[in-house]
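A.B. asks: Residue numbers (numbering that gives the first Met the number 0), protein chains in the order written: chain A, 0 to 242; chain B, 0 to 196; chain C, 0 to 196.
Because the hints were derived from the structure by calculation, they are not lab data.
Computed from a predicted structure; not experimentally measured.
Note that the Cβ used here is the ideal one computed from N, Cα and C, for glycine as well.
Be aware that one or more of the hints could be misleading.
Cβ-to-Cβ under 8 Å is the rule here; a few derived chain C residues that face chain A [said to hold, decoys possible]:
hint, residue
1, Gly14
2, Met17
3, Leu71
4, Leu116
5, Glu156
List time: in silico BS3-like cross-link candidates among lysine-lysine, alpha-carbon distance up to 30 Å [said to hold, decoys possible]:
hint, chain 1, residue 1, chain 2, residue 2
6, C, Lys163, A, Lys131
7, A, Lys118, C, Lys77
8, C, Lys55, C, Lys31
9, A, Lys101, A, Lys118
10, A, Lys229, A, Lys63
11, B, Lys28, C, Lys77
12, A, Lys118, C, Lys21
13, B, Lys163, A, Lys101
14, B, Lys28, A, Lys105
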Amino acid sequence: MAYKFKLQQFEGPLDLLLQLIEQEEMDINQIALAHVTDQYLRYLNDSKDILPEELADFLVVAAKLLLIKSKSLLPGLQVDDDEGTDLERQLKMYKEFYEASKVLHKMILKRHFSFTREKMVVKIDRVFNPPKHLTSEKLRELFSDVLASLEVWVSMEHDVIIKTVSIRERIRNIQEMIGTKATLHFNELMKTAKNKTEVIVTFLAILELVKQRWVGVVQEGTFSDIVVRKIEGAEGEVVKETI
Amino acid sequence: MTTKQLIESLLFISGRPMSESKLAEITQKDVKEVRGAAEELMSGWNVPERGVHIIKTGSSYQMATNPELAYLVKDFVKAEQSGELSRPSLETLTIIAYRGPITKAELEQIRGVNCSLILRNLLIKGLVEAHEDQEKMATVYTITFDLLKFLGINRVEELPEYQKLNSDENLRKLLEQKIEQASDEPVPPAVSQAEEK
Amino acid sequence: MTTKQLIESLLFISGRPMSESKLAEITQKDVKEVRGAAEELMSGWNVPERGVHIIKTGSSYQMATNPELAYLVKDFVKAEQSGELSRPSLETLTIIAYRGPITKAELEQIRGVNCSLILRNLLIKGLVEAHEDQEKMATVYTITFDLLKFLGINRVEELPEYQKLNSDENLRKLLEQKIEQASDEPVPPAVSQAEEK
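Isolated chain A (complex conformation) (with noise of 0.2 Å):
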């Protein structure tokens, strides 16, 4: 199923989440997640509106997402519930404010606006009082501390688009390691993950590898590793509109 609807620029998972849910005419509940889970994860990857520090935000609900699907597949599945409702609940937190973000924006645009005065009613003198204790040494320790609270916003940007990987990066680098190896342990691959969200990407871009039919996933017993093989006859770049 290809989708072509166009949505509007979304602002964040949630409402990401909540306007396709919307666009399907479904209530929220666990239904309707399972139902959008794949366009939502398309969206993931192909998107460009998305800013690298809000990547983590939208693959943690993308986690969510696909337990809730997993188990909607398989409902005999064991697993935990609460993460499922916990989104469903969120989701409906979450429309509470963005319906009520809407009435304040009517409110606004009515343009009932208050004034307050600028200017007192009485003029006041400036009289020279410095703080008792100030000394240029104080100043300097104050500033320098000033300075070093400003590290955190210079460096953000750059960090976090060093740190993520994307989910079509990934996909590449699997394709890449299953070339030169053929089979590939999911305990090894997981392994070079350097942190959650990478986790939950490389998951992605296997999950990804298996719906195209590049990969096939072979698990000998319930704890066992899982094996991840390369089909034969997949060759070249995995085309994105397969299903």
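Assemble the complex: chain A is given as a structure, and chains B and C must be docked to it using the hints.
C.D. replies: The following block gives chains B and C in isolation, referenced to the frame of chain A:
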């Protein structure tokens, strides 16, 4: 001299926001008395037929014109009122207005996305204020007088459906009701189609 | 909207005497109606239990403190001039010391919060002063000569580690980022008023 009189006078002289503690310091009354008198003042002043209202956010008060008179006052003070709020700003401000004082973590829980940058922007624009909450040992955010003035309300409690959205308890009940309702409903036929592929 | 309401709001926002003819011009009512409404307002406001009165000189009206409370005005002025600086105020002061002359926008970019009230407070206490920068077409702030003397130095360059701290790399980056960000950001809702003439 009554405390009400003193506060009325101080709010008029200053024209700016004044905190309960500042008012208490100047009038040499205790904070509780100041709060009681200020609330009484508000209920006297904030009626449609008055041209001037008293607005409140957190524990500060300010005198402001009745929002119904905006059309007249804006020409007199030559206010710039250009500008629109972006969607993320509006969404964030709505949550802070209804749920403030709120921590960054709580805000992010509702929006589902990191809010560091948007908070910083709103702080710089003076639409949001940060305070240290001693009990929670965390920074909490509230809206400012500028946002109240922009919305044309005297205090956040006047926002539509404030009681419902302000309290976690009310909201939780509301949401749970909906979940129960949903689960009682017969499964819609759409489900079979839902699992495409 | 009643004429009374309109006059009340205009007298408050101006804080200065306004003539009947001026009030009539703004409210687009005739002078007689303005006079009648103003007289009515006066009889409502000018009672002992109110903190604010409306006084009339010739054919002009002004909102003012109840004369009984004249002492309160003095207490207010004193409270504004004295008082210890809060941590945010101190931080702002040091930024002005090490980076002045600096604009309000630059200050806010560094501190990440709106600085209007803090700047006003520092100005009243004679710690910083404002100048017009012809090139930047903006108001810039520097610390006062009084503060330099108090610190026992003749110029800001004599502050400890001035060269190093003044030309901090992160500070430069942050101020550059600001310019990039500012261009694609929505305009903030400017409710703050321009100076009335």
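A.B. asks: Are the hints correct? Go through all of them and say.
C.D. replies: Status of each hint after checking the structure:
1. Gly14: holds, 4 Å
2. Met17: This hint is violated: C:Met17 lies away from chain A, its Cβ roughly 13 Å from the closest one there, beyond 8 Å.
3. Leu71: At about 10 Å, which exceeds the 8 Å cut-off, the nearest Cβ of chain A leaves the hint on C:Leu71 violated.
4. Leu116: violated, 11 Å
5. Glu156: Violated, because the Cβ-Cβ distance from C:Glu156 to chain A comes to roughly 12 Å (cut-off 8 Å).
6. C:Lys163 / A:Lys131: Answer holds: C:Lys163 to A:Lys131 is near 27 Å, not above 30 Å.
7. A:Lys118 / C:Lys77: holds, 17 Å
8. C:Lys55 / C:Lys31: holds, 15 Å
9. A:Lys101 / A:Lys118: violated, 34 Å
10. A:Lys229 / A:Lys63: Measuring from Cα to Cα gives roughly 27 Å; hence the hint holds.
11. B:Lys28 / C:Lys77: Holds, at roughly 17 Å.
12. A:Lys118 / C:Lys21: holds, 20 Å
13. B:Lys163 / A:Lys101: holds, 16 Å
14. B:Lys28 / A:Lys105: At roughly 41 Å apart (the allowed maximum being 30 Å), A:Lys105 and B:Lys28 break the hint.
When the structure is compared with the earlier hints, violations turn up for hints 2, 3, 4, 5, 9 and 14 and for no others.
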